[in-house]
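Asker: Here's the letter readout for the chains.
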Amino acid sequence: MKNNPMTDKTAFSKGLTHGFPIALGYFAVAFSLGFMAKKCTLTPIQGFIGSFFTRASAGEYGVYSLIVQDAGYISVIAMSLVTNLRYLLMSTALTQKFSKGTSLFKRILVGCCVTDEIFGISIGFPGELNPFYTFGAFAISTPFWALGTTCGIIAGSVLPSRAVSALSVALYGMFIAIIIPPSKQNRAVCAAVAASFLLSWLIRYLVSVSQIDLSSGTITIILTITISAIAALVKPIKDL
Amino acid sequence: MTHSTWIYILIMIITTNLIRVIPLILIRKEIRNRFIRSFLYYVPYVTLAVMTFPAITEATNSPLAGAVALVTGIIAAWAGLSLFPVSVICCVVVLILEFFI
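Chains as they are written, first to last, in my numbering: chain A, 144 to 383; chain B, 7 to 107.
Hints are computed from structural coordinates only; laboratory data are not their basis. Please read these numbers as outputs of a predicted model, since none were measured by experiment. A couple of the hints might just be wrong.
[Claimed, not checked] Here are some chain A residues pointing at chain B (derived, C-beta under 10 Å):
| # | residue |
| --- | --- |
| 1 | L159 |
| 2 | T160 |
| 3 | F163 |
| 4 | I165 |
| 5 | C183 |
| 6 | P187 |
| 7 | F195 |
| 8 | R229 |
| 9 | F278 |
| 10 | A282 |
| 11 | C294 |
| 12 | S304 |
| 13 | A320 |
| 14 | L349 |
| 15 | S358 |
| 16 | I362 |
Ideal Cβ placement from N, Cα and C applies to all residues, glycine included.
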């Protein structure tokens with residue numbers, strides 16, 4: 144494959160094909176994100192723009208919850224940083240995946256395409272990454288992600304509450320599907336996840352009982368930094 | 007509301023994409039610091055876990071349905087099911103349970 148690199152056009156259409164199942168999953172999850180965004184007072188067009196250019200389920204979820212709380216703009220930066228820190232690692236991993244001749248402009252565009260799933264298939268591309276493969280996966284999946292959010296915001300007020308209630312957990316289902324496989328393989332991750340569940344419940348309960356003025360988003364940031372730092376100290380990784 | 011939703015969204019877009027792009031512009035070498043590497047390794051899982059529970063029990067009409075969806079989702083993901091099926095299973099569990107609760 145390295146000696147016979149595929150053309151940009153072939154790589155792009157391959158990216159489209161591999162991106163299609165990702166796009167379907169995105170639509171369903173974004174639909175559920177849309178419900179949540181609607182509760183946070185977003186309009187369908189705001190949901191579309193926000194999702195199209197951000198493409199980060201957990202990050203968007205976190206920021207939208209800040210909007211409804213009327214939190215400060217600085218906390219939006221903090222929330223985006225904390226919920227999307229993994230993209231920093233993913234992009235760092237991708238720097239090793241390009242051929243030497245890849246222009247800075249294409250590298251930056253690939254960086255903008257990074258999500259959990261698109262990073263996953265891009266890093267799995269045989270040999271050096273042809274940026275057009277990533278662009279193909281981006282081109283098919285992003286409209287589904289943005290449209291899903293918009294449809295969710297619109298449908299949130301139309302669908303019966305029973306259906307909204309059921310679909311509201313789709314997003315959490317996706318989060319679970321991301322955190323459980325590594326927990327199964329790695330006991331340290333498993334312990335960190337278990338501690339996160341427990342402390343999240345405990346701290347939120349204590350905060351609500353004592354009526355301390357801490358937003359849910361702020362609690363998320365504080366807990367994430369604290370638990371991750373402790374995990375990194377107690378059980379540093381050997382290799383990544 | 008004293009803040010503009012559009013400005014929130016703009017800040018989110020800029021920050022999130024800067025995170026994605028900065029390593030590709032700046033970092034040409036590997037991160038060697040073990041603590042930072044370890045910290046960054048744990049962050050995604052801890053964030054998602056913290057945001058999932060107890061929020062999943064508050065998203066549904068009945069907290070119990072949300073809790074059962076969480077446990078079912080964990081079992082399904084543990085059994086090797088991927089993103090999309092796990093999401094669907096969680097939804098179905100809530101849909102069925104809320105018929106009875």
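Asker: If a hint holds in the structure, say so; if it doesn't, say that too.
Answerer: These are the hints, each one checked on the structure:
1. L159: Violated. Min distance 18 Å.
2. T160: With a closest approach of 17 Å, the A/T160 hint is violated.
3. F163: Cβ of A/F163 sits 12 Å from chain B, so the hint is violated.
4. I165: At 9 Å from the nearest chain B Cβ, A/I165 passes the 10 Å test, so the hint holds.
5. C183: Status holds, d = 9 Å.
6. P187: violated (13 Å)
7. F195: holds (9 Å)
8. R229: holds (4 Å)
9. F278: This interface hint is violated because 14 Å lies over the 10 Å limit.
10. A282: Cβ of A/A282 sits 17 Å from chain B, so the hint is violated.
11. C294: For A/C294, the interface hint is violated, since the closest Cβ of chain B sits about 15 Å away, which is over 10 Å.
12. S304: holds (7 Å)
13. A320: OK, holds: A/A320 within 10 Å of chain B, min 4 Å.
14. L349: violated (12 Å)
15. S358: Violated, because the Cβ-Cβ distance from A/S358 to chain B comes to roughly 13 Å (cut-off 10 Å).
16. I362: holds (8 Å)
In this structure, the earlier hints numbered 1, 2, 3, 6, 9, 10, 11, 14 and 15 are contradicted, and the remaining ones agree with it.
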